Structures are given as C-alpha cells and as structure tokens.
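Visitor: Protein chains in written order, with this note's numbering: chain A, 7 to 255; chain B, 9 to 257.
Calculated directly from the structure, the hints in this document are not laboratory data.
Quick caveat: nothing in here was measured; it's all calculated off a predicted structure.
In this text, a Cβ means the ideal position worked out from N, Cα and C, and glycines have one as well.
Do not take every clue at face value.
With the Cβ distance kept under 7 Å, some of the chain A side facing chain B (calculated, not the full set) [said to hold, decoys possible]: (1) A49; (2) I81; (3) V184; (4) L186; (5) F192.
Residues per chain, in single letters:
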Amino acid sequence: MRVSSGRKFTKILGAELDKLVTLPLIGFILIGSFLLNLVLAAAFTSAGQQDSAGTQSMLELGLASLRYTQAGYIILGILAACSEYSGGQIRTTLTVIPWRGLQLSAKHLALAIITVPAAFMIAASGVLYSLFRMSNTAAGIDIGTMIKTLAGAAGYLTLTALLSAAIGSLLGRTTPAVVLLLGYYFVVSPLAGELLPGYLPDTAGYSMYMHPSAGEINARTPIEGTGILMLWTLLFITAALVLYRKRDA
Amino acid sequence: MRAFQAELSKLFSLPGIWLAVLIGAVAPAGISALDSIAQKEDIVAGISTRLPEAGFIGLVLGVQGVIILGVLAVSSEYLTESSESGAGHQITTSLTAVPSRIHVLLAKAGAVAVISILQCIFAILTTVSVTHLMLGEYTPSFEGSRLLGTVCYWVFTALLAFAFTVLTKNALIPLAVLLINSSLVSFSVLLSKITKLAYYLPDRAGAEMFMVMGDRIHTPFTGGLVMFGWVAVLFIIAAIVFLRRDVAA
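With the rest of the complex left out, here is chain B (with noise of 0.2 Å):
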C-alpha cells in the first residue's frame, strides 16, 4: 500500500502528467463536439447511421491522455539525468526504496489504472454534457453497460501502453506508435481490410465494448475479453523482462 502511495506521488509530481490529464480532460469533449458539427444536419434529418456513436466517437479517438499516461509513468524511471545531477536512472532508487520488483510493478501499474479511470469518469462527463449541448434534444441516450466498457477500454489501453514502456524502456517508440494507432488512420482499420486476422487487435476488439460498427464480430463481452487477453499476456512478459533485466542496463 505504501509502494502504491509512493508511485501515486511519483506520477502527479511528473510534469508529464498534466499534459496528459489536460489531453485526457479535453481531447474526447473536443473530437465529440467536431463530430457532433458535423453530423448535426444528418442527425436533425433523421437519416444519420451514426446516431449511436455520437459522442462515443470521441472516447474511442480521445484515448491520446491515458497513453501519455502509461508510457510516461514507466519511461521517467529510465531517464536519464543529465550529467550535472549524476546521471543517474530514477529506477535506481525505486528499486532500492522497495526491494520487490514484482511489488513496485504491480504498484506502478495500479497507480496508472487508478489514474486513468479517473481520467476516464472525468472524460465521459465532460463528453456526456458536450454532446448535450451540441445535439440537444436528439442526443442518445449513454447506456451504463457501454460507459462502462469505456472505462474498460482506457484502463486497458494504459496498460498496454505501461507494459508496452516497460519492454522498450524509451518513451519515443511506444509512444509513437500508440498515439498513431489511436487516430483514424489507425494500423488496425488498414490491416482489417486485408485479413480478418486484425479484428482480435486490442483496439479494434476494445473499441466493440461500447462502438455500434458496421462490420462488428465480437459482442461487446468477447470483445473486452480479448482486449484483456492482450493487456495480460503483454503484462505478463513484461513482468518476466522486468523481474530479470539488469536494473537499469
């Protein structure tokens, strides 16, 4: 309890993590609000197919915070200081403070859950109450059961990113390629039209937790499933790196 109050301390003293909860808070309110524009006339017509996925439509493109969130919490440990304070690696003293490798994982990893839940309740109210004021009147109706597979998918996709850190060490890698997979030209859609083989990537699985597609094979259950078949077998091997990598080579 104590390793999980200090890595809580750890992510909100990262000036990192600001931009990422600012992300977080705005970028899903932002992209809902564009579509809301755009689809508005369609909607108030009556003959718009994407009705459901107002405003979800951002939470599934808004993603941009949590994986800031992930891949930050691991690549500031591996930072290196720059030579005037040391040169040091931040891990050093983490795992010198808590021993347990397994425990400041674990620790890290509920911290950064923790965190993006809360990013993600704060995402859905605030994306909830722009859809509102955009659509008015013919805004639908947000179901319990799809915003919580919303929460579901931010939390997985932190930890994708987390464990995806820990293997790379870097942020750049990681961080390129998630936030470039969490956009509409996503690798996931362009694989998907050549094999179906690209339905069990954990985005596009994830996303069937709460987007109504047209090309859907999962059920919002299967989906989440398999999503977190991914997040744990990439923590998995993470872990396993984690436990027996040299501290900080």
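Only chain A is shown next, with the shape it has when bound in the complex (with noise of 0.2 Å):
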C-alpha cells in the first residue's frame, strides 16, 4: 500500500503520541512534578517574603522552582528516549517503521507535543502562585512581560526534555543518563558556576526566563539563550540520528 509522505509522517506521530502517552511513569511524573513544583513555589515564595528587602520580582519568585522541576522534564525525556531500549520494543518500532531517521524525528515532536502545554501549565502555575501570596505587598506587573516569560520557561523545558531525549537515545539506557544529565544540571554546572563558560545548555536557557541582574557581565538578552539552547538541541538530536540510523538495533 502506498501512503503520501505526509499522510504517513502523520500516522508515524500518532504511533509515537500513542507510545508516550502510555507510558507508565509519564503521567506521574508530569503531575508529581507539577505538584512538587507548586510545593516550592510556596516554600521560594515565603523565603521571599521573610526576606523583606524586596530584591526579587513576583515573577522570579514564582519561577525560582524551575530550577528543581525542570528535572522532571529531563526524567521525561530520557524515559521517553529509553523506553524503547528497556524490553525490545525497538527491534518491534523499527519493523513497523523502517524509516529510522523520520521515526526519531516523530518522537521529537511527539515530546514536545505534550511538553509544552504541560510545561506552560507549570510555569503558570508557579507564577500564579506567587502573585497570589504576594498580591497586596507588591506592585502588578506587566502582563506583556509575564507572557514573555512564561513563554520563556516554557520553550525551557521542553528544549531541556527534548535535549535529554536526545540524549538519551544516544545513551541507549535509562540509569546513565539519568545520572550524567542530572549530575551535570544540579552538581557541575551550579558548582563549577564561573569557571565554565556561559554558552551551556542551562546557563544559556537560564536566560530565556530569569532576567540578569545589572551586575553580570555576561548577561545575555532570552533571544539569545534562545538561540544558543536551540542549537544545543539541535545539535544532540542530530547526533542522535546520525548514530541511530548506523547502529544495530
């Protein structure tokens, strides 16, 4: 049976749709981090609130548990990459569609379909939160500048989970990448803070929600975190197709 190009990328992303959303753990992990994430929005907002200067926006308040939750988003990814690895079900995707390259390129986009209403979930609800606490000792703000940056968070997060996903299908197994992503995100980089240069994945994605405090030298604008994070991405799953389409399954 022969099927239109686009008619079959369609039926290809509704598999991996399919596939995803099925997947045991996603679901809890997209609510337990939604409600781990509304746990530390409270605990950042009182922190703030104890903390009367007043130096941090609403926003960045509500945002600050970004920084834990985005690990759920990595998790994400790398189960949705290593899923296919745990059992066997590769060897069963793979006779189903043959097409490697456009069958990874479908999980992708599969990710990023749910992530990224879930992740503009989260950050709203963050957000939200801390406006709420705080409504009547701060000023409003600017609504146009609150869209902007939910919608920074939210490209974020999905950037961060399809990363993973990318590399964990570099990977192949769920533990290392586990282990290397999140050691890297929450150990490395804060550790090593200054030494590393700024253009990482996070340091550069940081910039996409938080804005720079006046002091930093290299501040750079959401635009370009945007597009430095975006290359990242771009870069692991290129390389992830790349050795997907020469590996042995």
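Using the hints, build the complex out of the two chains.
Guide: This is the structure in structure tokens:
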C-alpha cells in the first residue's frame, strides 16, 4: 500500500504519541513535578517574604522553583527515549516503521507536543501562586512581560526535555543517562559556576526566563539564550539521528 | 555469610556499579579542587571564613557515588529483563536461593555498607591529597574525628538510598530526588530558610558530623544520631514492606 509522505508522517507521529502517553510513569512524572513545583513555589515565596528587602520580583520568585522541577522534564525526555530500549520494543518499532530518521524525529516532535502545554501550565502555576500570595505587597506586573517570561520558561523546559531525549537515545540506557544529566544540571553546573563558559545549555537557557541582575558580565538577552539552547538541542538531536541510523538496533 | 558473599559478587558484576565507584572516587576530589581554586586567594590572604571546610566540602557534596550504589543495589533486582530472556526479575531468583527475606535484605545492606566504607576511605585519601596539592602549606588539618564523621555520613547516605529504593522498586525516583538533594541547590537548604525543622532532615543533620556551618544547631554527635534515626526508621519501614510484599509485584 502506498501512502503519501504527509500521511505517513502523521501516522508515525500518532503512533509515537500513543506510545508516549501510554508509558506508565509519564503521567506520574508530570503530575508529580506539577505538585512539587507548587510546594517549592510556596517555599520560595515565603522565603522571599521574609527577606523583606524585596529584591526579587514576583515573576522570579514564581519561576525560581523551575530550577528543581526541570528534573521532571529531564527524566521525561530520558524515559521517552530509553523506554524503547528497556525491553526490546525498539525492534518492534523499527519493524513497523523502517524509516529510522523519520521515526526518531517524530518521537521528538511527539515529546514536544506533550511537553509544551505541560511546561506552560507548570510555569504559570508557580507564577500565579506567588502572584496570589504577594498581591497585597507588590505592585502589579505587566501582562506582556509575564507572557514573555512564561513563554521563555515553557520553551526552556521543552528544549531541555528534547535535549534529554536526544542524549537518552544516544546512550540507550536509562540509569547512565539520568546520572549524567542530573549530575551535570544539579551538581557540576552549580558548583563550577563561573569556571564554565556561559554558553552551555543550562546557563544559556536560564536567561530565557530569568532576567539577569545588572552587575553580571556575560548577561544574555532571552533571544540569545533561546538561540544558544536551540543550537545545543539541535546538535544533540542531529548526533542522535546520525548514530541511530547507523547503529545496530 | 554466604548470602553476604553472594550479594557482594552480584554488586560487583553490575555494570552501573563501576560508574558509581568512578564517580565516588573522582567527584569529591574534583569538587574540593574546584573549591580550593576558588578559595585560594582568600586563604592565602588569611581572610577566608571557610578554611575549616576546605576539602570537606568535596566530601559532603560528592556523595553521588554511594547514592548510585545504594539505589542500583536494589533496583537492579527489580529490573525487568528483556522479553527475549524471559522477562523475569532477578529478585525471584535471589529469593529462591535465599528464602529468608530478612537475610537477603541484611546481606544486601551489609554489602552496600562495606562498599561505601571502602569508597569513602578512597575518597578521603584522594580528597586530602588533592587539597594538599592545591593549598600547600595552608591546608587545614584533617582531624580523625571529623573523618570518622565523613565515613558515617557516606554509609548512612548509601543506606538511606538503599531503603528508599526498596520502597519504590524503581531507580528513577530515588536517584532524581537524592542526586538533586546532594547538590548545592538541595531542598533542605531551601527549606531551612523557612522552618527550623529542616535542620532535622537527614542530610542537613548528618553534614554537621564534620562540617562547621555558620548556623549549626547540632553537635557532631547529635547530628549523627539524628541521621542514624532517619536511617533506622526508613530501614524498618523498608524491611516491613519487603517482608510482606509479593515478590515481584
């Protein structure tokens, strides 16, 4: 049966979406990181209220918790890629869809379709919470800035998930990928701080939703940050695609 | 004793363990080297407030290795093998060979504890020598009691990870939570800004066995006791769950 290539891609995308939403841990991770984000936003807000100087804006307080909840999105990406390898599902997948490049691209697209709304909701919930709690103390914020920052935060989480999926499919095994990515994002990067150049994925992406304080030297605009993080993501996805097409399944 | 030897041999044949051993050997020394580079000017000028922490900072933040060890020791038993090799769980075999569940649990915990002690001793050796190399004559002395505290901290951390994984049976969640919490941006540091109760969290209390912190509320001994309490409680819960649970449910 011959199908047009447009139809073909829609069908592959549908299959990938189906596989993604039926993974048992996906819902748990999304809901878990949503709740965790609310708890952390509450913690950050009350810590911010005690610190009466009010140096941090409401937006920043609401989004500060994303530093932690990005872990949920890293794991989401890794799971989406590595669940294929944990049982031998990959061979079924490739029997049904023998076009490897197309299949992996569709997988990343499917992941993005799920992460964008979830990331938007998670970022908005944190900001709304701190808005709600601090409504009597702080001045109102500009809706335009808020939407821009929220879009930046959602974009950051989505790109991080895609990057993790690419690294997950490069490594093919869940635990090493989790250790590598969490170790980088939470241990190496915060510790090494200034020693590392500012164009690494997490530091560049940070400027997508956090406005740098005036004193920083290598401050970036959100657009620059987005561009750099996108380049990183595309780089890793390309590497994953090339390797995936060559590799023994 | 034979169960203990069996657990040791199972642990050493896990591929992920070598990752854990490598991280455990490299991370503390690397972190203290970074910290020493950052602190060196202050220390030489004699104005550093963090001199007593030099070196130990690597040992408190470099526990990722034993966390991976504790998590993998349990999660590898519950990993579903690929359908081509029967889709079984190792735990079924382990419990067939050693039918007493409490013996399996204790032997496994013993193996994890022994390996983490060895890892810690190795980490102390590398960290102390790296700090000497970096700071030369300014190196603070490493007292035996604080080093003993470090060993306790590492073993307790490994056992916490172990008991936590017995409850979840899955590597992802304990790995994510504990790896993030062992980093600079840990949950307990955030929570300690809000409530005094956070000082009783295991990692915060345990770190006071050997870290000299500005706002300490425990003596080294009570800090260790608090952390041991957490380990004991979590371990008892894990043992009860493990004794009563259907094998691979």
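Visitor: Identify every previously stated hint that the structure contradicts and give their numbers, smallest first.
Guide: 4
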